[in-house]
Amino acid sequence: MLYRTVHHLSSSIRALHRLSRYGVRKMTTLADIPSCESLFKKKRDGAYEGRMFQRLSFITGDITRLAVDAIVNAANSLLLGGGGVDGAIHRAAGPGLLKECRGLGGCAVGSAKITGGYNLPAKYVIHCVGPLNGSAEALRSCYDTAMRLCTENGIKSVAFPCIATGVYGFPHAPAAQIAVKTVWDYLEKHDDIERVIFCCFLDEDYSIYENLLRAKFQEFTS
Numbered sequence: 001m002l003y004r005t006v007h008h009l010s011s012s013i014r015a016l017h018r019l020s021r022y023g024v025r026k027m028t029t030l031a032d033i034p035s036c037e038s039l040f041k042k043k044r045d046g047a048y049e050g051r052m053f054q055r056l057s058f059i060t061g062d063i064t065r066l067a068v069d070a071i072v073n074a075a076n077s078l079l080l081g082g083g084g085v086d087g088a089i090h091r092a093a094g095p096g097l098l099k100e101c102r103g104l105g106g107c108a109v110g111s112a113k114i115t116g117g118y119n120l121p122a123k124y125v126i127h128c129v130g131p132l133n134g135s136a137e138a139l140r141s142c143y144d145t146a147m148r149l150c151t152e153n154g155i156k157s158v159a160f161p162c163i164a165t166g167v168y169g170f171p172h173a174p175a176a177q178i179a180v181k182t183v184w185d186y187l188e189k190h191d192d193i194e195r196v197i198f199c200c201f202l203d204e205d206y207s208i209y210e211n212l213l214r215a216k217f218q219e220f221t222s
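Per UniProt numbering, the sequence shown starts with residue 1, numbered consecutively.
No lab work stands behind these hints: they were computed from the structure. Note that beta-carbon positions come from the ideal geometry of N, C-alpha and C, so glycine has one too. Do not take every clue at face value.
Unchecked claim - In silico lysine-lysine, DSS-like type, Cα no more than 27 Å apart, as pairs:
| no. | residue 1 | residue 2 |
| --- | --- | --- |
| 1 | Lys41 | Lys181 |
| 2 | Lys26 | Lys156 |
| 3 | Lys216 | Lys41 |
| 4 | Lys216 | Lys189 |
| 5 | Lys99 | Lys26 |
To be verified - Simulated DEER-style distance windows between Cβ atoms:
| no. | residue 1 | residue 2 | range |
| --- | --- | --- | --- |
| 6 | Gly83 | Gly103 | 20 to 26 Å |
| 7 | Gly84 | Asn133 | 15 to 21 Å |
| 8 | Gly103 | Ala173 | 35 to 41 Å |
| 9 | Asp191 | Ser38 | 16 to 22 Å |
| 10 | Gly106 | Arg148 | 15 to 21 Å |
Please build the complete structure, drawing on both the sequences and the hints.
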């Protein structure tokens, strides 16, 4: 049984709690986040690739404030919280998230598991365990598995942090290249996910994503 079926009622109750807890001004909604197409502001002929750029965004900000269907957590294999974005997500979600994570039995490197969002404005959290050894394939698997969980659970909008680039030490530019390519390849084959957001904490990462996606945009619109 899919996660969304098991947790449908409790998710609805939590959604009401999120609205009362956060209010509109503290959350960032999809309407506040420009797509790559609108950001780069170049006319196109309505080609397929143009629609792809309507589904991609990159921002700097606090991922715990995004009112999207799911945010992705750069977790450790124990799924019990930690530093960086992992700790921030657990603190914002509240103790219910840790309680659910304790029942998941951990998660393998390169894989992902899904939980509720609890006190977050996001409905779900997808926990990805990035590589400590710089494995490009394991990092690619994180993004691919997270996207598959979105499809399986009816998730239309998802925000990714820069997985494994913090204390795990994966180089920032190669990590972004893997993220963009993996997400792009998945979106080409699946129409169900409407928006993917790369949520950067550092200005350096924002610039990397901007350059990558602008180059790809120019490739398809020149």
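Status of the hints after comparison with the structure:
no.	hint	in the structure
1	Lys41 x Lys181	holds, 22 Å
2	Lys26 x Lys156	holds, 22 Å
3	Lys216 x Lys41	holds, 14 Å
4	Lys216 x Lys189	holds, 18 Å
5	Lys99 x Lys26	holds, 26 Å
6	Gly83 x Gly103: 20 to 26 Å	holds, 23 Å
7	Gly84 x Asn133: 15 to 21 Å	holds, 18 Å
8	Gly103 x Ala173: 35 to 41 Å	holds, 37 Å
9	Asp191 x Ser38: 16 to 22 Å	holds, 20 Å
10	Gly106 x Arg148: 15 to 21 Å	holds, 19 Å
Violated hints: none; the structure is consistent with every hint.
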